[in-house]
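Given the structure of chain Z, go ahead and fit chain G onto it with the hints provided.
If you read the sequences in order, they're chains Z and G.
In case it helps, our numbering puts the first sequence at residues 42 to 1090.
In case it helps, our numbering puts the second sequence at residues 22 to 681.
To be clear, the hints were calculated from the coordinates, so they are not data collected in a lab.
As the structure is a prediction and not an experimental result, all values here were calculated from the model.
A couple of the hints might just be wrong.
Subject to a maximum C-alpha distance of 20 Å in a straight line, what follows is the list of computed DMTMM-like cross-link-like pairs (lysine to aspartate or glutamate) [claimed, not checked]:
hint	chain 1	residue 1	chain 2	residue 2
1	Z	Lys340	G	Glu430
2	Z	Lys604	G	Asp49
3	G	Lys45	Z	Asp693
4	Z	Lys1002	G	Glu612
5	Z	Lys830	G	Asp658
6	Z	Lys1002	G	Glu109
7	Z	Lys876	G	Glu679
8	Z	Lys1004	G	Glu109
9	G	Lys45	Z	Glu863
10	Z	Lys876	G	Asp511
11	G	Lys671	Z	Asp873
12	Z	Lys609	G	Asp44
13	G	Lys671	Z	Asp906
14	Z	Lys1005	G	Glu109
15	G	Lys45	Z	Glu580
16	G	Lys45	Z	Glu574
17	Z	Lys604	G	Asp326
18	Z	Lys609	G	Glu46
19	G	Lys107	Z	Asp873
20	Z	Lys830	G	Glu673
21	G	Lys45	Z	Asp906
22	G	Lys45	Z	Asp647
23	G	Lys123	Z	Asp836
24	Z	Lys830	G	Glu654
25	Z	Lys830	G	Glu679
26	G	Lys671	Z	Glu574
Cβ-to-Cβ under 7 Å is the rule here; a few derived chain Z residues that face chain G [unchecked claim]:
hint	residue
27	Gly332
28	Tyr531
29	Val723
30	Asn872
31	Lys876
32	Asp898
Ideal Cβ placement from N, Cα and C applies to all residues, glycine included.
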Amino acid sequence: MVSIFHIYAQQQNISGTVIDKNLNEPVIGASIQIKGTTNGTITDLDGKFAINASKDDILVISYIGYTTQEIKLTGQSSLKIELSEDTQALDEVVVVGFGTQKKVNLTGAVATVDKKVLASRPVTSVSQSLQGAVPGLNLSTADLGGQLGQNMNVNIRGTGTIGKGSKGEPLILIDGMEGNMNNLNPEDVENISVLKDASSSSIYGSRAAFGVIMITTKKGKAGKMQINYNNNVRYSGPTNLPNQLDSYRFANFFNEASINQGGSVIFDEETIGRIQKYMAGELAATTIANGNNWHFHEKANDNVNWWKKHFQWAWSNEHNISLSGGTEKIQYYASGSYLNQNGNLRYGEDNYKRYNATAKVNTQINKYVDFNINTKFVRFDLDNPIYLEEGGLLYHDIARMWPMMPFKDPNGYYMRNGKLNQLVDGGRSKTHNDNIYMQGQLVVHPLKGWNIYAEAGMRIINQNKQTNLNPIYEHDVNGNPLALAFSGSYSPGASFARAAYLNSNFYTTSVYTDYTLQLKDHYFKALIGMNTEEYVYRELSAQRPDVISSLVPEISASTGEDKINSSKYNDWSTAGFFGRINYSYKDRYMVEMNVRYDGSSRFLRDQRWNVFPSFSLGWNVARESFFEPISNIINTLKPRVSWGMLGNQNTDSYYPFYLTQSVTANGGNWLMNGGKPTTAGVPGMVSSTLTWEKIYNTNIGIDLGMLDNRLNATAEYFIRRTKDMVGPAAEVGAILGTSLPNTNNAELKNKGWEIQLNWRDQIGKVNYNAGFNLSDYRAKVISYPNASKALWDADGNTLYYDGMTIGEIWGYETEGIAKSDEQMTEWLANNDQSKIGSAWGAGDIMYRDLNGDKVVDSGNSTAIDHGDLKVIGNNTPRFRFGLSLGADWKGFDVQMFFQGVMKRDIWLGGPMFWGADGGEWQSVGFSEHLDYFRPENTASVFGANLDSYYPKAYLGDKGNKNKKTQTRYLQNGAYMRMKNLQIGYTFPRAWMNKANIQKLRIYVSAENLFTISGIADMFDPEATAANGFSNGKTYPLSKTISFGLNITL
Amino acid sequence: MKKNLLYIITLAGALCSCNDFLDKEPLDAVPTDKYLLTESDLAAYSANLYDQLPSHTPGQYNMGVFVTDNNSDNQAASNPNSSFVKGETRVAQSGGAWDFGKIRNVNYFIDKVRPRLENGKLNGTEANNKHYLGEMYFFRAYIYYTKLVALGDFPILKNWITEDYETVREASKRRPRNEVARFILQDLDSAYYYMKETPPMTNRLTKDCAALLKSRVALFEGTWEKYHKGTARVPGGPGWPGANKDYLKDFSIDIDSEIRFFLTEAKEAAQIVADKYSLSSDYPSLFNSQSLSSTSEVLLWRAYDASLTPAVNHFVVGYIQRNGGGNTGWTRSMMQSYLMENGLPIYANNSGYQGDKTYESVAADRDPRLEYNTILPGELLSEGGSNIEYLVNGYGYYYRAPIVLGQNENKCPTGYSVKKGLTTDAAQGPTLPSTTACVVFRAAEAYLNYMEADYELSNSLDANSGKYWRALRARANMDTDFQKTINATDLSKELDFARYSGSELVSTTLYNIRRERRIEFAAEGLRLNDLKRWRALDMMQGYQVEGFDLWSENYARYTTPTPTPAADVTLSVVNLIESGNTNANVSAKSESQYLRPYRINTNNIAYNGYNWNQNKYLNPIAFDHFRLTTETEGSTDYASSTIYQNPGWKIETSSLPEGD
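With the rest of the complex left out, here is chain Z:
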């Protein structure tokens, strides 16, 4: 809003003050320019300026972070200009494929990200900040949980293809070129658009079948140089650690479970006696001697909580500086950042460092030609203990550690079961990764409204990874070192140095032109162009055993026999031609049409090219004259509809048509001539008909703005059909001797909706805002070649069948736990359970016979004949939401951000859930697990427990009968997590002016402060993934508290 004060006279000299509307304080360094000229000035420390101008000139007042204003001079000599912060106004421009568009004219489903979700978040990647920010943009934790260097899994509107031979990831574009958002500096981000439907993403054709995330980075603006520095210091630790039992309870739990299995006790009385003494402080030694060695498990008596032992809280920090500014002809933006993130491993520290440098220069060479150049450099150094990779079992092992396994032996040396030697002394895995992005753009404007663009971009990744294995030692009773095997694959004393190099090159060129024409009420815009991409990848990994000295862990300082671990060389390319036409009448009726003609190197010539069209329509109802009477209540009302078809060429194999011979040098374990022979395997099958997956997308949306745009709402409904989807290979009789190749054999249909609501207002001096978004989708299999509707294939993988809902969980219905043998016998009379297990008795599960044949079974495991199995749940996360609340007052600001899932079922298997599972080496004991069935008059030290949660504990396979997928133990995976809480204070300008500071904010920002969830206590609802082992065996996610400041000079 602008207030203009008239003072009599028509002078040439105009002076004025620019102030911040909210803070009522001067804005320093704001640019004042006379439109259409190069004349301009900037405000001084008091926000004052003076400029010569004539009447009818237009002054353009702009400043970073504020809405730019234009003031037409009508004879004033003194101006007071109030700048308001650049909030999401409706006239904002949205970045779309190969251009921008006024939001008001948008007809596709495009969501923009509120930059606030990125600000001052103590996270390591942009993707972590985006979780929950945009409805329909789904981010989930990767299998390795919070381990450093992990990227989140991303999809838009759910899985569109199911990862059998093809991928359905969104295309991520940074300044128009494919890039990695995980190592981008969040401070460089200017704008993020998420293109969700076919009409908005089809301009990218086959690369964008499952949506696009477009990230635009900041660029310089003409004006005085701005220097911005911000930092934060963080302290983070695990969100959730299981409560491991103490040794005494653990020993008794294991002993009882072992007896129930039919075995004998694991811990004898003598050991249990020692455990009690040790816990009571009457004994100092953690174990006893076993000959010359120490006992390290069933005779040991330490009392260690291994989870707490292995994970700790750690400090990290981040610094960021940027400079920007420029003149009318040339503008620059440059930034640098440094992140030093420490992981939560207490032993064998883990660390991630990232360095970013950016330079962006925009020049207007002359009236017709602009030239822009954009470079980014990202380096990260990831330093982990080698045991996280080479043994690969750490999280599996931590779960399996018994509390009595000694942390240190009585002489003070680490003992073997804690894997401490491996972590601390076993060697490091250091990844050094450089990303270089270089982009150049030439824009020619031959006529008004006509632009021609020529762009070239290149992204180079060079990574070297140095891994070394050091010999490790345990110690005998006399303190003599004994070489210890690092893992099953290495003999004691083994060492090696390994170097792996990879190099990937991505090249892209685009040439396109657009032409805009406004004829009275008719607006036309046309775009046509072409684009090519090429990707080339090389990798080499070599190693040499027998490192001479652990201090020089290099191949050149090793003496063993050389080995090449891997060598790869591959490439792909795409080419596409595209066009777009926009038409709108009076900004009321909008039409858009896109077409893309795309070719991919992954298909043979006859299958290679395809046309992907899309259309969309929109109607700005609120601009109609009949709407006038209520236009002060409803400012925007825009229904829109779109349809489009896209192709997915993202097959896992770059050459899916070529049958290649797998040959492994030194691959054999059957030694010949004294060494490992080269081996070759039998080739599988290749489909001769593989082609594009075709995605048909229909979107209906509505935008609503009300009450002076204080309330903004958007709703979307979509149907996405994936035809010719590459599904799981169909079953075939075993006689074929191999599985069928992946082919386009399935059709999938996703249906879903998204709602976003934003409210923004002020009460007195308090500005506040609230945002809420909610989304949901369900995917159904329309067709799949599985005539007998089998539920699982021979390896237990889920098969599709017509009409199946993706994510469904089949299981039994649980009656309960039998409290006595009599009760079980009575139950079995009408619910014969002999087909799913034997020796049923008190404490075992009673399953319900659902089909009335008095026998409980799974029939033949088909959807037609499934016996007593039924669909008991669905593991697709439903109703994902994000909720943000914020307010500011006199420089103080508070922001909260919640994210969650309202409905989800999860079946959790394995010992982290069950406790007693596959024998003593595969079982765990947490305090929750003690709630297992113990009969009346039990000899157990824990006493009877007839109303237990868990059935009778068996240390071994006899318990499997009680662990069938069933209703009783199905977990509720819904959760709400406070992702971020921020409290900040911006110092009043008046104070800062003296120090020549434009802005200074200090803040406290916390991540993952608390979580509300119904899932079993030992699990984090976001990190239940299996990671090759059973559920929950992963690196815990972290909660973080940080302190930071943000200063602008």
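Chain G in isolation, oriented as in the chain Z frame:
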């Protein structure tokens, strides 16, 4: 207009060059049509198949092949063998022996290489190329032999097939087991023809391996058909399920001539090997040497090397060194089978047998193989002391079997610890990698195969049989007069199930041939197949597995341990808690003086003993295989499959065999 035209021309040009731009072929992998053309290709492809031969699996924490016989009456593990317990074996949903992956693997090679060999299109030494083709015939025979044992009747698949439903259905048709066995013998003849006497690389197959396997397969089929004759488990027998299939309705068989054919083949093939290979004089060294390259008796062995990256080693030695555990132990039945050194059975008059109250007495004057195979107190286990309970001057000795130790993997459930494979090298001690060679094929089997086939054919022993038998005994350093043994044998005093075929006792001569085989190949994994082909499990009813005599004297080793020889060591007292008490760790004294490992805890599935169901002589075929071969795709009429189920089993997931 001009501009538009220009644009179209540019576009068209771009499109043409685009197709070149988009033509990408694999850069780092060999297409299949450029492979299997040279000697080294053939060698590499075939090397990939060796892993399936029985041997100590690298990296596995167990006692390797020496625990395979836990599946029989020779040895026992902490947990019973569930296939001997009723109600524990069910028709699986999927998987099982009805698997053709490896067969396809071999057929691919033969389809490609044989024509290339015959047309002279292979590079390299021709003899070597032939050898590798021979290996493939050997492997196909070996895979088919495992199918024959597991399932009996089986499809004979010599080529690649296509994936269309009808082809799959057609190819899935089972052929009667005698045809399958003949097909295996044919392949072994081809293998023998192509392979060399000395392989192109060490630790690879030779033509004599083919002859040895041929005698094994032929003997298996000959004796199977002989002893299972008259059951549904032999083609053409009463209730044979193949008779219900159209495609086998004209099948007929002269079973006796088939039996003769196979036994004759077995005998001839065995002789090729037996006459060529002498027995090694040092029996234990066959199992505990680092290398067997200069051991005359060994046809094929597997080598290990812990210094490679990743290491290729096993952990067999460590388990034995650790007080003789490893989750296995000899049964009382096994220990009783050993003769005296003088050739007499233990119960014979004047045999000199001292009873089995102590370790000393049970071993005194017995067949030396008893001591080669069993650890006795006072024996040196290790030249180091890691994780061994009885140490003198840093050396580890055996004192008592770990019968009550908590962990199954370190237990000896019977009290008689297996010694086969023991070397006292401290570097291969508990938890450390072992690299002892693993014997895969040795000539003694040919000797025994010959003797058995000879006797089964003629009910008498020819001169060769006598010669071979004496050679086996002489090598074991015991009395060679087998006739003395035969004469003194009283089957009613033997515990061995192999004294029966079906429910009939066999002749004392045949029984002694079987006894010789049991002793010679103890812990080498042949036993269960022998019991099956002899139909010797029928009488396993209410059978309690027993170990050593615990309650007469041996219990004192646990309750009041006294180091012998006297040494400055303290042995921990181990409380023996009899079955019936909480935390019981041994069976009750009142029940038997012998340790009964499955009668300690009433929760044990074999608490009431082992009971064999004849239907388990053949495995069931998993349900899915029928579902995927029904007459109409997706039909629930599973009986319309081209596959038929084995006798006594149903086409129904999780169903039990008849009689369980």
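Here is how each hint holds up against the structure:
Pair hint lysine 340 of chain Z plus glutamate 430 of chain G holds up; C-alpha atoms about 15 Å apart against a cutoff of 20 Å. Restraint check for lysine 604 of chain Z and aspartate 49 of chain G: the C-alpha separation of about 18 Å stays at or below 20 Å, so the hint holds. For the suggested pair lysine 45 of chain G and aspartate 693 of chain Z, the alpha carbons sit about 15 Å apart, so the restraint of at most 20 Å is met. Pair hint lysine 1002 of chain Z plus glutamate 612 of chain G does not hold up; C-alpha atoms about 32 Å apart against a cutoff of 20 Å.
As the CA atoms of lysine 830 of chain Z and aspartate 658 of chain G are separated by approximately 14 Å, the hinted pair is consistent with the 20 Å bound. Among the hinted pairs, lysine 1002 of chain Z with glutamate 109 of chain G is consistent with the structure: their alpha-carbon atoms are about 13 Å apart, no more than 20 Å. Only pairs whose Cα atoms come within 20 Å are accepted, and lysine 876 of chain Z paired with glutamate 679 of chain G is accepted, the gap being roughly 14 Å. In summary, the hint linking lysine 1004 of chain Z to glutamate 109 of chain G is supported, as the alpha carbons are separated by about 18 Å, within the 20 Å threshold.
Proposed proximity of lysine 45 of chain G and glutamate 863 of chain Z is contradicted: the alpha carbons are some 70 Å apart, above 20 Å. Taking the CA atoms of lysine 876 of chain Z and aspartate 511 of chain G, the gap is near 44 Å; set against the 20 Å cutoff, the hint is violated. For the suggested pair lysine 671 of chain G and aspartate 873 of chain Z, the alpha carbons sit about 18 Å apart, so the restraint of at most 20 Å is met. Our distance criterion of 20 Å between C-alpha atoms is met by lysine 609 of chain Z and aspartate 44 of chain G, whose separation comes to about 19 Å.
At most 20 Å may separate the alpha-carbon atoms for a hinted pair to count; lysine 671 of chain G and aspartate 906 of chain Z meet this at roughly 16 Å. Taking the CA atoms of lysine 1005 of chain Z and glutamate 109 of chain G, the gap is near 17 Å; set against the 20 Å cutoff, the hint holds. Between lysine 45 of chain G and glutamate 580 of chain Z the CA atoms are separated by roughly 18 Å; this keeps the pair inside 20 Å, and the hint holds. For the hint pairing lysine 45 of chain G with glutamate 574 of chain Z, the CA-to-CA distance comes to about 13 Å; that is within 20 Å, so the pair holds.
With a C-alpha separation of about 16 Å, the suggested pairing of lysine 604 of chain Z with aspartate 326 of chain G holds against the 20 Å cut-off. Of the supplied pair hints, the one linking lysine 609 of chain Z and glutamate 46 of chain G holds, its CA atoms being roughly 14 Å apart against a limit of 20 Å. Restraint check for lysine 107 of chain G and aspartate 873 of chain Z: the C-alpha separation of about 17 Å stays at or below 20 Å, so the hint holds. Proximity of lysine 830 of chain Z to glutamate 673 of chain G is assessed by CA-CA distance (about 16 Å); at most 20 Å being required, the pair is judged to hold.
With a CA separation close to 47 Å, the supplied pair lysine 45 of chain G and aspartate 906 of chain Z exceeds the 20 Å bound. For the hint linking lysine 45 of chain G to aspartate 647 of chain Z, the alpha-carbon distance of about 14 Å falls within 20 Å, and the restraint holds. Among the hinted pairs, lysine 123 of chain G with aspartate 836 of chain Z is consistent with the structure: their alpha-carbon atoms are about 17 Å apart, no more than 20 Å. The suggested pairing of lysine 830 of chain Z with glutamate 654 of chain G holds, with an alpha-carbon distance near 11 Å, which does not exceed 20 Å.
Among the hinted pairs, lysine 830 of chain Z with glutamate 679 of chain G is inconsistent with the structure: their alpha-carbon atoms are about 29 Å apart, more than 20 Å. Pair hint lysine 671 of chain G plus glutamate 574 of chain Z does not hold up; C-alpha atoms about 58 Å apart against a cutoff of 20 Å. Hint on glycine 332 of chain Z holds. Least Cβ distance to chain G is approximately 5 Å, under the 7 Å limit. Taking 7 Å as the C-beta contact cut-off toward chain G, the hint placing tyrosine 531 of chain Z at the interface holds, the least distance being around 6 Å.
Annotation: interface hint on valine 723 of chain Z holds; nearest CB of chain G at approximately 4 Å, less than 7 Å. Taking 7 Å as the C-beta contact cut-off toward chain G, the hint placing asparagine 872 of chain Z at the interface is violated, the least distance being around 15 Å. Against a cut-off of 7 Å between C-beta atoms, the interface hint on lysine 876 of chain Z holds, since the closest Cβ of chain G lies about 4 Å away. Annotation: interface hint on aspartate 898 of chain Z holds; nearest CB of chain G at approximately 6 Å, less than 7 Å.
Comparing the model with each numbered hint stated earlier shows that hints 4, 9, 10, 21, 25, 26, 30 do not hold.
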